[in-house]
Structures are given as C-alpha cells and as structure tokens.
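Number of protein chains: 2
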Amino acid sequence: MNIILLSGGSGKRLWPLSNDIRSKQFIKIFKTADGYESMAQSMYRHILKIDSDAKVTVATGRSQVSEIHNQLGDGVGISVEPCRRDTFPAIALAVSYLHDVQGVGMDEPVVVCPVDPYVEDDYFEALKKLADIAADGRSNLVLMGMEPTYPSEKYGYIMPKTKDKVAEVSSFKEKPDEETAKHYIAEGALWNAGIFAFKLSYVLNRAHELIDFTDYKDLYDKYETLQKISFDYAVVEKEPSIAVMRFSGVWKDLGTWNTLTEAMSDSTVGDVITDKNENVHVINTLDIPVLVMGMKDAVIAASHDGILVTDKEQSSHIKPFVDMIEQPVRYAEKSWGSFTVVDVEDESMTIKITLNPGQQMNYHSHDRRDEVWTVVSGTGRAVVDDVSQEVKAGDVITMHAGCRHTLINNSDSELQVIEVQLGKDIDVKDKHKFELTD
Amino acid sequence: MNIILLSGGSGKRLWPLSNDIRSKQFIKIFKTADGYESMAQSMYRHILKIDSDAKVTVATGRSQVSEIHNQLGDGVGISVEPCRRDTFPAIALAVSYLHDVQGVGMDEPVVVCPVDPYVEDDYFEALKKLADIAADGRSNLVLMGMEPTYPSEKYGYIMPKTKDKVAEVSSFKEKPDEETAKHYIAEGALWNAGIFAFKLSYVLNRAHELIDFTDYKDLYDKYETLQKISFDYAVVEKEPSIAVMRFSGVWKDLGTWNTLTEAMSDSTVGDVITDKNENVHVINTLDIPVLVMGMKDAVIAASHDGILVTDKEQSSHIKPFVDMIEQPVRYAEKSWGSFTVVDVEDESMTIKITLNPGQQMNYHSHDRRDEVWTVVSGTGRAVVDDVSQEVKAGDVITMHAGCRHTLINNSDSELQVIEVQLGKDIDVKDKHKFELTD
Chain A
1 MNIILLSGGS GKRLWPLSND IRSKQFIKIF KTADGYESMA QSMYRHILKI
51 DSDAKVTVAT GRSQVSEIHN QLGDGVGISV EPCRRDTFPA IALAVSYLHD
101 VQGVGMDEPV VVCPVDPYVE DDYFEALKKL ADIAADGRSN LVLMGMEPTY
151 PSEKYGYIMP KTKDKVAEVS SFKEKPDEET AKHYIAEGAL WNAGIFAFKL
201 SYVLNRAHEL IDFTDYKDLY DKYETLQKIS FDYAVVEKEP SIAVMRFSGV
251 WKDLGTWNTL TEAMSDSTVG DVITDKNENV HVINTLDIPV LVMGMKDAVI
301 AASHDGILVT DKEQSSHIKP FVDMIEQPVR YAEKSWGSFT VVDVEDESMT
351 IKITLNPGQQ MNYHSHDRRD EVWTVVSGTG RAVVDDVSQE VKAGDVITMH
401 AGCRHTLINN SDSELQVIEV QLGKDIDVKD KHKFELTD
Chain B
1 MNIILLSGGS GKRLWPLSND IRSKQFIKIF KTADGYESMA QSMYRHILKI
51 DSDAKVTVAT GRSQVSEIHN QLGDGVGISV EPCRRDTFPA IALAVSYLHD
101 VQGVGMDEPV VVCPVDPYVE DDYFEALKKL ADIAADGRSN LVLMGMEPTY
151 PSEKYGYIMP KTKDKVAEVS SFKEKPDEET AKHYIAEGAL WNAGIFAFKL
201 SYVLNRAHEL IDFTDYKDLY DKYETLQKIS FDYAVVEKEP SIAVMRFSGV
251 WKDLGTWNTL TEAMSDSTVG DVITDKNENV HVINTLDIPV LVMGMKDAVI
301 AASHDGILVT DKEQSSHIKP FVDMIEQPVR YAEKSWGSFT VVDVEDESMT
351 IKITLNPGQQ MNYHSHDRRD EVWTVVSGTG RAVVDDVSQE VKAGDVITMH
401 AGCRHTLINN SDSELQVIEV QLGKDIDVKD KHKFELTD
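In order, the protein sequence lines correspond to chains A and B. So the first sequence is numbered by the working numbering: it starts at 1 and just counts up by one. So the second sequence is numbered by the working numbering: it starts at 1 and just counts up by one.
Please note that the accuracy of each hint is not assured.
Each pair may be met inside one copy or between any two copies, as identical chains are not told apart.
Restricting the straight-line Cα-Cα distance to at most 27 Å, the calculated cross-link-like pairs of lysine-lysine (BS3-like) are [stated by the list, open to error]:
hint : residue 1 : residue 2
1    : K129      : K238
2    : K296      : K312
3    : K28       : K319
4    : K319      : K161
5    : K154      : K276
6    : K276      : K319
7    : K276      : K12
8    : K312      : K49
9    : K55       : K431
10   : K334      : K161
11   : K429      : K175
I should point out that these hints are in silico values taken from the structure, not numbers from a laboratory.
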C-alpha cells in the first residue's frame, strides 16, 4: 500500500501542548506498552501493522520535518511543501515524489488521508480496501464516506447513488446548516472526510495537465509559483467517475481539548495527583507535580509553554486568548533530539539540549550572542571553528559570537548539554549554517 | 513600642507556594503600589507606619532567618530558637534578647503576636493600646480578646468579668465544641488569639523563676536542654491579674487557600489570562503564562515546586496529598538573594542564583559534586581556593569537588549566575563552610 499522510499546520487550539511549531498530531498522549505515543506515531504504527511493506509518505511543511523524523524515524518518506499552496499542489507534489523518488509505478494505488484523526483498527482495514478498489480501476477516484452520527455542519456531504457498501457518487454537497444536514442524512448522505484513493497515474496525469513541470525536482523548484487550488476544485468536482465506500467505524477529529480528552485512555498523563474529581483530564509534561482536587468537567494541561485550566465546554474558545500570548517556543523536538528553554532573563537564555544517539546538530554560528555549553550527561564530540574535541559530562565549551560550532553524539546513549546564551537580542533567527568538513 | 512577632513553622497547606522551608507568611500576594508584599512584610510595614520607632523582633526557627532578612531587611531583630521548645521558652528567649541585645528597659511594655494574621489598620491601633495598658501596670498581663463572629471550635475562649472595652479576665476555656461555644459567646466570651502584652520585667522574672540562666547568651546556649512548655501553661494559667481588651475589627487566620484567597485584593497574581470564570483566584510565580477559562470556585497556584488546581472547599484537605510529593525545594529566598532549580537530571542539577547587591554567599565546598558557574548578568567577585577574580556576564568558572568557592556581589545591581551541578548524589547537605580571609 502507498499512503500519503497529510500533516497539517500548527495549531493553537491545543495550547500549551501545541504551538507555532508543534502540531497536535505530535502530542504524545496515547498510552502504549512502553509509554505514550502521538497521533502521528499511532497512525504510522497501525499502517505498518496492517501492511509491513506500506510505503508511507508524509506531505507537510518545512517546519514539521524535524519532528516527523524524530517521531517516525527515517523509514518514512517526507514530501516537503516549500510553502503553502492548498491541497492540489500538495498532493501533486507528494504523488510526484512517490513516482520519481520512491519509484512507485503508474498503475499502483495511492491512498491519501489526514495524519491526525482518532481511529481504531477497522479504519486501517478500510484504507486497504480503498486501495484495492482504486486498483481495480472501475472508478478514477474512490472516497471513503463516513456514516454520519449527527447532522454536522462541519463536513461536506457525499450523496451516493445506492445504499451499497461501495456505490457511485451522485453529487457532492457543501457544508450545510443543521436542518439541511438532516435532509441529506435522510437521503443516505455520508460525510466527506478527505480520505480517498486513486491509481498514481490518474493524479499525476491531472497534475501534468494543470501544471507545466517535468518531474518531482522541477515541481518542487517551481512550487512557489503555483496557484493555490484545492484538490476538490481541481480534480473531484470535474471527475464523473467517482465511487464511495461507506465506513461506519470510529473516526474522530481531535481538534479541541474537549474531543482530544475523550480519546485519552488514561485520565492523566505525567506527574499528576488527583482527588475527588469528576470527568477531569490532566496532561503534565513538566517535571514538577500537578495536584488536582475537587474539580469537574475540566482539562488541565501544563507544558514548558504555559498552563491551561479550562472547563471542557469552554475549551473550544481558546484561540483568541492563546493569540494574546507572545513568547518564544519553550520546547521543541528536532530531527536530532529536543531542546527545552529552562530560564529566560533580559540578556540571557538557558536551554537544555538533548542530542539523540548518532545525531548531530547543524554546524552553525550566531552574530549577536555568545554561548557556553556544559555537558551534563553522555559523551560525544564538539567542533568549534573546525577544531574537534571529545566531550563528556563536566566539560565546558565557550563560544563567542561569530564562531562556528556543532555537537555530535557519536555514542549510543543521549548526550545532554546545558547551553547558556548571552546577548542583548537573543533570537532563533540569528543563525548561519555551514558545511562541516572532516 | 516593642513587639515580638511569632513566626511559625513551615506549612504544606498552601502548597505549592509554601513548602518545607517557605512558610505562608512569606508568600507575596498582597498588592502594594510597587508590586506585591507578603503577610510578614505587610505586618512589619504597618507596625512601622503606626510607630516608626517600634522595635520589632521576630521570634523564629533557624530555617526562616534568611527569608526574614531578605524580606524585612536588616532593621528587624531576630530571636532565633536553636530548636523547637514550645511557646514559653520561645517568648522567654525573645524577651531576654530584647533586654540584653536590644537594650529594652525592664519597665517597658512588650507586645507578642503572630506574624501571619490578615488584619486592617485598626488592628495596629489596638496593638498600641494593648502596650499602653500593659505599661500602666494595673494588670500583669493584657490579652487581646477577639469578638467572635461564629461559634468556632478552633479557638480557646476568654471569659471577661464585665462587658467593658477593657475588663478583668474571669476564666479561660479550652477549645469547645460548637454547642458549648454558643453558650460561651452568649455569656460574652472572646476568642483567645494569642496576642498579649506585658512589662518586660514580668516575663523576664517568670523566666528566671522557671529556668536557671544568667542572660540571653546563656539561655540561647542551653536552649536545647529546656523543657517544652507552653506560655499558657507556664504563665497565663497561674496569673491572677490578667486583663482583656476587646477587639472587633478584621482579624483572619489565612491558613488555607480558601481563606487566603478571600484576602487577596486582586483575583490574579502574575502572568495570568482569564475568561468567563466565577470566584476563581490564580497565583502564578512562574515565567510562563497561565490561561484559565470557564472555571468556578477554584484556586490555581503555580510555582517552581508544582501546580495546584483545586475547588476552594476542597483546598482545606490538601495536606495528605502534598505529603505524597517527594522532591527537593525548587525555589528559596535566602538572606543573600534567591535560587531557583531550573533543571534536574539523574546526575546533574541546574539552578539560577540571584545575589542581591552587596551580598555574598558562604565560602563553601562540596564533597561529591563539581560545579560550573556561567555569569549571566551583573558584576562581582568570585573566590575559588583563596584566589579572587573579578567576574562579569559571560565569564565561566569551573569548580571541582572539594574546592572552596564563593561569589560576592560588590556592585549595586543584581548578580545572576547559572550553576550546573554535576555528580551522582547531589544533595543540599553536601556542604562544608569555611571562613573567608582576605
């Protein structure tokens, strides 16, 4: 199975766990045997479980690449959109990536679906079936149609011609009001969840019809010049041969704290003590305890970015308040590990850097800040202005503004460093990257 | 006016703002023109406002000395109890300190009261009056009797002979049950709040009768050998000549979050955003924002030690849960400034040290940890193994286990340092102090 997971933008609705660079699909709140996993990890793991040969490609923006590598490893393909150009260019780019980079054949089926819904095992069976239907070629496009559980105003509706498990599509309806939604449902309508499959050739040919490009690299290079256009508008609305497959299993959009917590297997994550609460969920990613007593219908979430205490109903109105918060991101997962801001003063910032085994940060310099590293655990190698040295816990390295530096973890355990940044205008953008030659 | 403020022990009922070394009287939650002050600061400021010549002595244990100097400055006297020996030895020691160290005359009145009730201006007028009554010498002891506002089971009761503003005491009653309290109140009883005045000679003479000592220093040295005995038992119950002065102003014990928040002038302290809450108080001493939405009758408190979210009623049951929390104190005010733990790993701990202008830490060493200082703001002097050097922001000093070190802020602004501690068993007790000779 070839599958393109659409990994959407940053979100503030799940602040303080999601932020400008950290989307909800990367929050680790689902319990597994070894700890917790994110929606993205859960989705990826389930796909590989049902098809260990699945070729999974994540279509996403530049800002998520580090996080995806950190959470999903190097086995996953990533089709990076150089900038935002709506869903048709994004899917065209990903399909082109599958063909030209991953070597997927023109006749092979490709499934496209979002990376972040909450689903169960039957969903993955359905994805496989969707691919099979696309492969048999009777329709150019096969959609998954969700059996509605209420007259939602949030989804577009698919009107099938029959009530069969797989049917031809008669028409599509825009997001309706509640009354209209009830009528649609009475007529057998299904939710359009943006999950569909096709033969690779079908979308690649449509792409060549609409965009002048030779191959993946060419499309990538001219991506910025492409017009914004949705897949629905460019492809779906113009295609007469579309089938829909009904799906009645669990499928939830976990876009607000209220819906997200419904999907949590435990009511608490992290260092949490609770007493006499009712319908309360607590997620604590800090290393200090959270004590919650006598609360009802509430969500409490604490991270290095901030602390949220909200009534569950009220949680859907969080966005304007989070927009009021202006502060740099204080925790981020990168391809090489993670960093946590532990202290901020007027002219200094202290961060903890964790470099995963075998990883290294970019060779880089800063114009306007000095830095001091104190290694607190592990071993590795530091390179400062092309001079390399072995480092271990207790070693201190000072770097003045302008000097090039990097840290390499050539061991098989974590390398941790406390980095003190010193300067008047400390800014993540103050960074030059260099090639490391050695 | 000579006044002894009894500053009691640590408390967990106001966790996470109070902890093993930080008592509730030092939590800064009362708004002033310049910021926030603590109960101790408010009490001290009001006493000096009503009597700028007042000699104020805080009677307390060793663990609070740094905090008291930090918050009240050097003008306040401190009578340090070498160990806990109940109220009679504590008051005897403080009175002896007043006489022998502060030079207070035998005929001068002394007022004793707790440092931590919530009161208004009329309370301080009453304290002064209490001193005046003690000075006139008609009674050996003058108590302040609080007009009861409800039949409390929490207080002992004073039965006055008449309903006059100042009356002789007829008898004392132990803490009653509610029914009995109602009867007492019907008979004109008053709450015994542990506030009283006397001529210095009176208590000093009683002390010499009951304890064999020469002067303050002698009493201090043999303090550990003294029997535990309460002031009530040793003095009050045996004294026939006691007066009581009625007080009907505001006087509250702020011992739980529920009562403490009633006394807050603002419903939030610190970086807090709120929306659609009702009867909610939020105190945030962290440098990340707290967002609270749609909550009711709740207290939210966040500090470096932890985060509390509780229903107000439920907040009085906090203690057993806080007892479950085992972690080192993460923020403390010291006589020289403050420290904050910003990161803890298995074999390292990172703290931020703020050294106030003109202050210095002890000259000390550790057996089992190395340390690295990175100066992040200010200037000063570091001494390492008797070698002194000027330091400024960006300077790095490394100290191996066993080496003696101190930091001196000889400037008139703050000196801030990030200290990385490295070792297997990092413990505050791993410390040797030395005399600094230079």
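Discussion item. Within, between, both or neither: how does the pair K129, K238 come out at a Cα-Cα threshold of 27 Å?
Written reply: Classified as within; 24 Å inside a copy, 92 Å across copies.
Item to complete: Can you give me the call for K319 and K161, within, between, both or neither, at a CA distance of at most 27 Å?
Response: So K319 and K161 fail the 27 Å test inside a copy (40 Å) and across (65 Å) alike.
Worksheet entry | 27 Å Cα threshold - placement of K276 relative to K154 | Between copies only: 26 Å across, 36 Å inside.
Fill in: 27 Å Cα threshold - placement of K175 relative to K429
This pair counts as neither: shortest intra-copy Cα distance 41 Å, inter-copy 66 Å.
Fill in: Intra- versus inter-subunit Cα pairing at 27 Å for K276 with K319
So K276 and K319 pass the 27 Å test across copies only (14 Å; inside, 29 Å).
Discussion item. I want to check one pair: K276 and K12. Are their C-alpha atoms no more than 27 Å apart within a copy, between two copies, both, or neither?
Written reply: Answer is between: at 19 Å across copies they meet the 27 Å cutoff, but 30 Å inside does not.
Worksheet item: How would you classify K296 and K312 at a CA-CA limit of 27 Å: within, between, both, or neither?
Response: both (9 Å within a copy, 13 Å between copies)
Worksheet item: How would you label the pair K55, K431 (within, between, both, or neither) given a Cα cut-off of 27 Å?
Response: Answer is neither; intra-copy 35 Å and inter-copy 58 Å both fail.
Item to complete: First find the shortest C-alpha distance between K334 and K161 inside one copy, then the shortest across copies, and answer within, between, both or neither for a cut-off of 27 Å.
Response: Result: close neither inside a copy nor across copies, 48 Å intra and 77 Å inter.
Practice prompt. Indicate which option fits the pair K312, K49 if close means a Cα-Cα distance not exceeding 27 Å: within, between, both or neither.
Written response: Cα proximity of K312 and K49: none, with 34 Å in one copy and 48 Å across.
Discussion item. Checking an output row: K28 and K319, CA cutoff 27 Å. Within, between, both or neither?
Written reply: For K28 and K319, the Cα distance is within 27 Å only inside one copy (21 Å; across copies 31 Å).
Consistency note: the structure conflicts with the earlier hints numbered 4, 8, 9, 10 and 11.
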